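With the hints as a guide, bring the two chains together.
Letter by letter, the chains look like this.
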Amino acid sequence: DSGVTQTPKHLITATGQRVTLRCSPRSGDLSVYWYQQSLDQGLQFLIQYYNGEERAKGNILERFSAQQFPDLHSELNLSSLELGDSALYFCASSVEVRTEAFFGQGTRLTVV
Amino acid sequence: GQSLEQPSEVTAVEGAIVQINCTYQTSGFYGLSWYQQHDGGAPTFLSYNALDGLEETGRFSSFLSRSDSYGYLLLQELQMKDSASYFCAVKGSQGNLIFGKGTKLSVKP
Numbered sequence: 001d002s003g004v005t006q007t008p009k010h011l012i013t014a015t016g017q018r019v020t021l022r023c024s025p026r027s028g029d030l031s032v033y034w035y036q037q038s039l040d041q042g043l044q045f046l047i048q049y050y051n052g053e054e055r056a057k058g059n060i061l062e063r064f065s066a067q068q069f070p071d072l073h074s075e076l077n078l079s080s081l082e083l084g085d086s087a088l089y090f091c092a093s094s095v096e097v098r099t100e101a102f103f104g105q106g107t108r109l110t111v112v
Numbered sequence: 001g002q003s004l005e006q007p008s009e010v011t012a013v014e015g016a017i018v019q020i021n022c023t024y025q026t027s028g029f030y031g032l033s034w035y036q037q038h039d040g041g042a043p044t045f046l047s048y049n050a051l052d053g054l055e056e057t058g059r060f061s062s063f064l065s066r067s068d069s070y071g072y073l074l075l076q077e078l079q080m081k082d083s084a085s086y087f088c089a090v091k092g093s094q095g096n097l098i099f100g101k102g103t104k105l106s107v108k109p
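In the order they appear, the protein sequences are chains H and L. Residues in the first sequence are numbered from 1 upward in steps of one, following the numbering used here. Residues in the second sequence are numbered from 1 upward in steps of one, following the numbering used here.
These are computed hints drawn from the structure, not numbers from a lab. None of the values given here were measured: they were computed from a predicted structure. Hints may contain errors.
Stated by the list, open to error - Quick partial rundown of chain L residues pointing at chain H, CB under 7 angstroms, derived from the structure:
id	residue
1	A42
2	P43
3	F45
4	L46
5	Y70
6	Q94
7	N96
8	L97
9	K101
10	G102
Said to hold, decoys possible - EDC-like cross-link-like pairs, simulated, lysine to aspartate or glutamate; straight-line CA separation at most 20 angstroms:
id	chain 1	residue 1	chain 2	residue 2
11	L	K108	L	E9
12	L	K81	L	E9
13	L	K101	L	D39
14	L	K101	H	E100
15	H	K9	L	D39
16	L	K81	H	D1
17	L	K104	L	E77
18	L	K104	L	E14
19	L	K108	L	D82
The C-beta atom is built at its ideal place from N, Cα and C for all residues, glycine as well.
Same shape as in the complex, but just chain L (with noise of 0.2 angstroms):
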């Protein structure tokens, strides 16, 4: 089966760096991706990581290692409007996507 573990809660200033870090288990790896939900919204496809390394899209970078079964999404010159939930997601052997449980960014000002 396949299970992802990331932190629950993360706080962070306006303008600072932020990580969050995800740790995977899975019969077969298709690669990792990023969500973004704010509350009571829908869940928006950030990024997506199928080899090893950084990939950076804007403000937002993702890294994967493959080896060690990790990732994090690196969030730079945080804005109030990042304060969302932010899921890990890896696809499984059938094409359904297992999401980790979430984790919680507050930007404070």
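Chain H on its own, in the form it takes in the complex (with noise of 0.2 angstroms):
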């Protein structure tokens, strides 16, 4: 048990639908990561929060959003839902000065 917990653990939902996704971080992490792994893909960094405020972004849709609340849990947002978003989302939590990061269990997304 990496001490990330991400909810829902599947998610089945219809084009054009929104969702959310949660991510607690572990105890004391500040970083909190997503990412979007698609069928035999690699990772795709989605965007970084640290202590509340984006930190990085990398290649997030439009239609995404995320945000990471005072007590540290992470939400990620996906809207205009299509069939390309289905993938697995994980998060990842880390200490900002170290390269080791923590992820989660991850979300499954299927978009039918």
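Shown next, in the form of structure tokens:
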């Protein structure tokens, strides 16, 4: 158990809908990262938050947004969903100055 | 920007040694990490190199040459459970981790 909790584990929704994925980082970790992993693909960096503020942005679509709350949990919002958004979405957390990131078990999103 | 190149697939037999290479291009270098991911599972941290040389952790070792922008992960005494995808990653200047596309290792009996 990495200490990073993601909910829900599975999500099936229709095209055009909006979903929210939730992540609770490890206790004490201020950095939260979101990654998208499509079938047989690598980990695409979406966005990073540090202590409530956006720190870095990757190839995140405009239909996607995220935030980190004062209690440090983070949410990734995906809207106007398309079939191609079906993927595993991982959240990771880390202590800022280190390179070891701890990953949650992921949310498997299926858009039908 | 940052980019990483690693082979897409590697196959080896149980008990053998395998090396997974990674070359990177990055505007600022803060170290090279390796992660393991089993099918359907979460990536887990294996090792980190900030300085040139070899770091050993049990059956796994990781090497870095900053002058060559190159590193590798060495897996010894391969076991069936080592069948997984292995990702190299660099830390971007803003602290985010950028991953390579991953190398799928298949260990055969």
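Consistency of the hints with the structure:
| no. | hint | in the structure |
| --- | --- | --- |
| 1 | A42 | holds (4 angstroms) |
| 2 | P43 | holds (5 angstroms) |
| 3 | F45 | holds (5 angstroms) |
| 4 | L46 | violated (10 angstroms) |
| 5 | Y70 | violated (18 angstroms) |
| 6 | Q94 | holds (4 angstroms) |
| 7 | N96 | holds (4 angstroms) |
| 8 | L97 | holds (6 angstroms) |
| 9 | K101 | holds (4 angstroms) |
| 10 | G102 | holds (5 angstroms) |
| 11 | L:K108 to L:E9 | holds (13 angstroms) |
| 12 | L:K81 to L:E9 | holds (16 angstroms) |
| 13 | L:K101 to L:D39 | holds (14 angstroms) |
| 14 | L:K101 to H:E100 | holds (18 angstroms) |
| 15 | H:K9 to L:D39 | holds (15 angstroms) |
| 16 | L:K81 to H:D1 | holds (18 angstroms) |
| 17 | L:K104 to L:E77 | holds (17 angstroms) |
| 18 | L:K104 to L:E14 | holds (15 angstroms) |
| 19 | L:K108 to L:D82 | holds (10 angstroms) |
Consistency note: the structure conflicts with the earlier hints numbered 4 and 5.
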